[in-house]
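Student: Chains A and B, in that order, are what the protein sequence lines are. The first sequence runs 1 to 237 under the working numbering. The second sequence runs 1 to 353 under the working numbering.
Bear in mind the hints are in silico, worked out from the structure with no lab data behind them. Each hint should be verified, as a subset may be incorrect.
What the hints assert, rightly or not - With a straight-line Cα cutoff of 20 Å, these simulated SDA-like cross-link-like pairs (lysine to any residue) come out:
(1) A:LYS78 - A:ASN107
(2) B:LYS213 - A:ILE112
(3) B:LYS213 - A:THR211
(4) A:LYS127 - A:SER94
(5) B:LYS73 - B:ALA246
(6) A:LYS69 - B:PHE210
(7) B:LYS213 - A:PRO110
(8) B:LYS191 - B:THR174
(9) A:LYS156 - A:ASP108
(10) B:LYS213 - A:GLU100
(11) A:LYS109 - B:PHE210
(12) B:LYS32 - B:ASN43
(13) B:LYS213 - A:GLN210
(14) A:LYS69 - B:ALA246
(15) B:LYS73 - A:LEU93
(16) A:LYS78 - B:ASN236
(17) A:LYS69 - B:ASP238
(18) A:LYS69 - B:ARG239
(19) A:LYS109 - B:ARG215
(20) B:LYS213 - A:SER121
(21) A:LYS222 - A:GLN210
(22) A:LYS109 - A:SER121
(23) A:LYS180 - A:LEU197
(24) B:LYS213 - A:GLN92
(25) A:LYS69 - B:ASN236
(26) A:LYS116 - B:ILE276
(27) A:LYS78 - B:TYR39
(28) B:LYS73 - B:ILE276
(29) B:LYS213 - A:VAL133
(30) B:LYS213 - A:GLU96
(31) B:LYS213 - A:SER94
(32) A:LYS78 - A:ASP108
(33) A:LYS78 - A:GLU5
What follows is each chain in one-letter form.
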Amino acid sequence: MAMLEVNNIHTYYGNIHALKGISLEVNEGEIVTLIGANGAGKTTTLRTICGLLRPREGHVKLNGEDLAKYPAHQLVYKGVAMVPEGRGVFAQLSVEENLELGAYSRNDKPEIAEDKEHIFSLFPRLKERRNQVAGTLSGGEQQMLATGRAMMARPKLLLMDEPSMGLAPILVEGIFDTIKNINAQGTTVLLVEQNALMALSIAHRGYVLQTGEIVLSDTAKKLANNKTVQKAYLGVD
Amino acid sequence: MKDRLKNLDLITAFLWLLRAAIILVVAWGTFKTLLSNPYTSRNWLDFIIFGIAQGSMYALIAIGYTLVYGVLKMINFAHGEFFMSGIFTATSALAIPLAASGFMDQHPLLSLLAIGLLSMLISVGIALLTERIAYRPLRHAPRLMPLITAIGASFFWQYYFRGLFGSQVRPFPTVAALQGSIPFLNTTVLKTHVLVVVVTVLALVALNFFITKTRAGMAIRSVSENKDVAALMGINVDRAISMTFATGATMAGLAGLLYALVYGQVHFFMGFIPGIKAFTAAVLGGIGNIPGAAVGGLLLGLFESVGPSLFLQGLGIPAFNQLKDVIAFTMLVLVLIFRPQGIMGERLAEKKA
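Generate coordinates for the entire structure from the input sequences, incorporating the hints supplied.
Tutor: Shown next, in the form of structure tokens:
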């Protein structure tokens, strides 16, 4: 049984039919990527999975349990954390407070402190700036913070929405290395990306999303070699 | 220079003239007042002390406006009624019977604690009820709707409490232990004023601890920045919003007790003017900013108390002492024109989405 099972979801913004029956699966231990152009419905899919949006049809199941009955704020207690689009750090809170909020769902204080040190060892820049308000961080540092904050929840499934957005290429590589490491340590990852090349290079499997529908799904390797994908998303002629 | 003058548009020019005129009027009034020297330094000190005591109450009430604005971006015009409901109930149902039975004179501290607690409890209850029934269903409505609802809620509570306890002014029992004054520098300070300032400082310290150090405070701060992301952290946004209303109402309930002690009376309409003044204070300090509300309250109290005698008396304005409300609301208008973000607020345009 797949860890995350999205079955034929239809999500609307008012009368706009944004997701037209998306189905996908994420198995435990995988990195699965969802690629597609701007406006294809990638973020909408993630927001529907985590309960910030509700599908009109279809359902989202986590380990076989339908998530429809849980409000968004209970998802993290089910082991799902998200790095939201545009990073979504709390700009007026300090770096350390942001990380502590990431662990809001937990109450094992000593282990939270340990995890915080672990995040600081992964991202030494954050440690240097632990008392600074997050709004003063650079884009790359905010991405580190958003990732670290999500890790503080000790999620089983990590949803990442465009972690490479607005970052310099060298930072993007660093972020993708981090995702690989997080996955290697046992966290399942669903990665939404516009940067298809990078995403397919670390993912096990991928889905291609186009105007609210899945048009292709395959292993990451095969997708990267697929002529249509290369043309449309990888910039290869 | 010439180019600059040419580019000056009419409105900017008018605003500069307005600024200059205000500064001139204030300076001229101050100069004339000081020249005729109607007050001793002791009088001035009295004005300042009264201003600080008055400002402390505004500060406590202003916290509620600023907290709610922080999380909902909405001006809760019913907040003055949260302030009124607590102390009006506590006075009618507890303080007056306590005083009549003589218990108040025997145990003044215990009585005041009980009255204060009841006042805060009722304020919080009314606030939670208003939020749940009137505001929560409108959470995703256009911003004008909750605003109008708030005004409606304000009237509802005013007349509800008038129905409950009557429309007459009720005297708050005098507390023997708080009568009289104590010497301070070269003047004396009323004991009630000392109590007001001490209680306000303690309340603000406690509030600061609650907001910055506790789990609930962190939840409130994160919700005020981004509700969706706060929910992803596992924070129950609705509960955090209720908590915000409860925190503001606690401060308002406490301010109610202080108000009753200073003015010695309560009535169903008592929340209106202090409510609007505290709103002014919150805007003055920068709405959404908690230290700003405290600073704004204090400044407004000081301006109101010192202003009429300092700026207006010298101008030969009759009955200048009646004009402290004019000063307060003139300040509101001026802040909105010249510094809409308030003293400690950030410019809205600079705020990152």
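Student: Hint by hint, say whether it matches the structure.
Tutor: Comparing the hints with the structure gives:
no.: 1; hint: A:LYS78 - A:ASN107; verdict: 15 Å, holds
no.: 2; hint: B:LYS213 - A:ILE112; verdict: 16 Å, holds
no.: 3; hint: B:LYS213 - A:THR211; verdict: 45 Å, violated
no.: 4; hint: A:LYS127 - A:SER94; verdict: 11 Å, holds
no.: 5; hint: B:LYS73 - B:ALA246; verdict: 17 Å, holds
no.: 6; hint: A:LYS69 - B:PHE210; verdict: 32 Å, violated
no.: 7; hint: B:LYS213 - A:PRO110; verdict: 17 Å, holds
no.: 8; hint: B:LYS191 - B:THR174; verdict: 12 Å, holds
no.: 9; hint: A:LYS156 - A:ASP108; verdict: 17 Å, holds
no.: 10; hint: B:LYS213 - A:GLU100; verdict: 11 Å, holds
no.: 11; hint: A:LYS109 - B:PHE210; verdict: 19 Å, holds
no.: 12; hint: B:LYS32 - B:ASN43; verdict: 17 Å, holds
no.: 13; hint: B:LYS213 - A:GLN210; verdict: 46 Å, violated
no.: 14; hint: A:LYS69 - B:ALA246; verdict: 28 Å, violated
no.: 15; hint: B:LYS73 - A:LEU93; verdict: 18 Å, holds
no.: 16; hint: A:LYS78 - B:ASN236; verdict: 15 Å, holds
no.: 17; hint: A:LYS69 - B:ASP238; verdict: 17 Å, holds
no.: 18; hint: A:LYS69 - B:ARG239; verdict: 18 Å, holds
no.: 19; hint: A:LYS109 - B:ARG215; verdict: 12 Å, holds
no.: 20; hint: B:LYS213 - A:SER121; verdict: 25 Å, violated
no.: 21; hint: A:LYS222 - A:GLN210; verdict: 18 Å, holds
no.: 22; hint: A:LYS109 - A:SER121; verdict: 19 Å, holds
no.: 23; hint: A:LYS180 - A:LEU197; verdict: 15 Å, holds
no.: 24; hint: B:LYS213 - A:GLN92; verdict: 15 Å, holds
no.: 25; hint: A:LYS69 - B:ASN236; verdict: 15 Å, holds
no.: 26; hint: A:LYS116 - B:ILE276; verdict: 45 Å, violated
no.: 27; hint: A:LYS78 - B:TYR39; verdict: 70 Å, violated
no.: 28; hint: B:LYS73 - B:ILE276; verdict: 17 Å, holds
no.: 29; hint: B:LYS213 - A:VAL133; verdict: 15 Å, holds
no.: 30; hint: B:LYS213 - A:GLU96; verdict: 12 Å, holds
no.: 31; hint: B:LYS213 - A:SER94; verdict: 12 Å, holds
no.: 32; hint: A:LYS78 - A:ASP108; verdict: 16 Å, holds
no.: 33; hint: A:LYS78 - A:GLU5; verdict: 14 Å, holds
Going through the hint list in order, the structure does not satisfy hints 3, 6, 13, 14, 20, 26, 27.
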